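Undergrad: Top to bottom, those sequences are chains A and B.
Going from the first sequence to the working numbering is simple: count from 1 and add 54.
Going from the second sequence to the working numbering is simple: count from 1 and add 5.
None of these hints come from the bench; they were simulated from the model.
Take these hints with a grain of salt, some might be off.
As the list claims (entries may be wrong) - Label pairs and their in silico Cβ distance ranges: (1) B:267 with A:197: 56 to 62 Å; (2) B:53 with A:226: 23 to 29 Å; (3) B:323 with A:358: 34 to 40 Å; (4) B:202 with A:221: 35 to 41 Å; (5) A:211 with B:327: 55 to 61 Å.
If you're wondering where the values come from, they're calculated on a predicted model, not measured in any experiment.
From the three backbone atoms N, C-alpha and C, an ideal C-beta is built for every residue, glycine too.
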Amino acid sequence: MVAKSDRKILGMDQNDFSIFSRRYGIGVVMIAMIVILAIASPTFRTSGNIVSIMLQVSMNGILAMGMVFVITGGGIDLSIGSQLALTSVIVGSVLTSTGNIFLSCAMAILATTLFGFINGFLIAKFDMVPFVVTLATQLVIRGAAYVISGGYSASLANEGYKLIGSGKVFNIIPYPVVILAFVGIIAFVLLHHTKFGRYVYAVGGNVNAAIASGVNVFWTRVRTYMFSGLCCGIAGIIMTSRISAAQPNIGVGYETDAIAACVIGGTSFAGGVATIPGTFMGIIIIGLIYNGMNLVGISSYWQTITKGLLIIGAVMLDMFMNKKK
Amino acid sequence: MKKTLAILLLICMTMGLVACSSGTTATTTTAPAGTTAAAGETTTAKKDIIVGYIAKNTVDAFHATVNKAAQEKLDGLVKDGTIKEWHLLDGLTDPVTQVNLLQDALNMGCNAIIILPAESAGSDPVVTQCAEKNIPCFVVNSMTDSTAEKATAYVGSDDVQAGEMMAEFVQSQIPAGGGYAHLQGIIGNSAQIQRGEGLHNILDKDSNWTLLDGAEQTAEWQAEKAVKFAEDWLTKYGDKLNAVICDNDDMSSAVQTAMNAAGRSDIVCIGVDGNVGPLTMVKNGQLLATVYQDGAGQVTKAIDLMVDYFNGKEVPKSTMIDFVLVTKDNVDKYLAS
């Protein structure tokens, strides 16, 4: 991005302003939702409910943190729902055979990161279409989850493992929320403050320019998928603990919410544009749709419609911003 | 222009929310009306019972029927002041969502939970957490792993019975025996496991019947997948295929339609549930029979038990509602409701 503009808006140059308004625009929607829900539902305002919302968004949040790297790098990862299932059954089988919590989590994360690597390798090495590759690996990974589990789901009795999903720091903040914050900070630093982050933007924004400036496109893309795989592993561990069951048929459709959170948060499908705070707002908005509307008593049919309308609105905003540039 | 878009977005949102809040006012106005009436009429101690109804989903035909029956029953209880209010929460066929919804329900002050589990293992934390918090939990339709120990009551149907009924119907229709195929639901689901078990209980013992090679596959409850399998088997086995037994009747009715179209209406297809489509086919003579699962009966029984529980009565831990074989003779009774 060349800062050739010398026009200033609100003391920022035009480019900064466009990024700012992108964040600000979705922030307005988020705040409006919070205000309306707070008026419409007394339950919404309770501290217990705020903790619930954070807990409920934690898994999708972690998935979206991985997804935002992939989309910014010009890709898409449809395999994350299956990755959750794979995590679940690996944790389940390792935990039942060894009883070692750390080992089971490590094995699961290793496996999902490896599949992330495979996704990235196929896409970056052979220049295959990300949509098609991850659509295919989605099937492969889901199948692997069925093979490992033999198709059966199993309850996990390990009390220590259950604590990952149900434990609380200071008896207030659930562990999954802490994990989300931790992943969020890592994602923020990675994307906004490291060379890798700048390379992701460069590769997603303009591949040819990135190659010309000596960016290692192959490894940059592979790493975005590996990070997404890593996030799937972490989210999967939380999910498995929350339901305390190893379930091979779980996670179907989870990619939709993760992608939606990214898009609502201002991530451009064209690649090269995204912010972690924006994505975070997207995550919260998705959470508000589910939680708020349940509290107010809206049928899930309307929740689905609202989610769809929001995505269209966000994409319109995105297109408009891109045209402006 | 930027502002216009922002405003457009806001309008989108508010419209959605207005639609919602108009819905709420409707429910909230009925609730106080119900309670005031109760205060005047009933002499028993008024309890502030708030029921959280965690549905499996709101889109399957079977669950739509169950939810509708629950809605009528619970609305009635709100009107006569037995309960203060109730909330329908959609589990989206996802155990994680159901666990989250329990949180929402508790935040809304629910002190009784009715759940139709999405998964036997995955939805179990709903039951165990209710038990930990001493909240009565009524499990309907399918059991979770610790339902027997920890739930207040379970109302369902014995899926093994359904499997056995299907097998016996096939035996009665074709006494000479033959080859059959079995289309399963999503593997690992308790209904899939138990219906299969019932089916094999009967047909494995019957030397006249053989399961055709490779003809036991999962079509994941889905009609179009079931048809694909059945058509392939028809091509492969031809006259050796005499019956197709399905874990639900969305699949069996679709398969029967395909078999009829292929000129093989002699193939007996049967499934479980009693959805409107298959029942209509039974009425029209296109399908011989279907096994009706009385979901509405299950949920109304569970709600009755809940009321009993709050009145201090002892409630049975487990109640089974029988499956019914629906043929042309009795179809009108089930199609009307």
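Undergrad: Evaluate each hint against the coordinates.
TA: Results for each hint:
Taking the beta carbon of each, residue 267 (chain B) and residue 197 (chain A) are about 31 Å apart, not inside 56 to 62 Å as hinted. Our hint of 23 to 29 Å for residue 53 (chain B) and residue 226 (chain A) holds, since their Cβ atoms are close to 27 Å apart. Between residue 323 (chain B) and residue 358 (chain A) the C-beta distance comes to about 35 Å, which sits within the given range of 34 to 40 Å. A C-beta distance of roughly 38 Å is found between residue 202 (chain B) and residue 221 (chain A), which places it inside the suggested range of 35 to 41 Å.
Checked against the hint of 55 to 61 Å, the pair residue 211 (chain A) and residue 327 (chain B) fails, with Cβ atoms roughly 34 Å apart.
Hint compliance for this structure: hints 1 and 5 are not met, and every other hint is.
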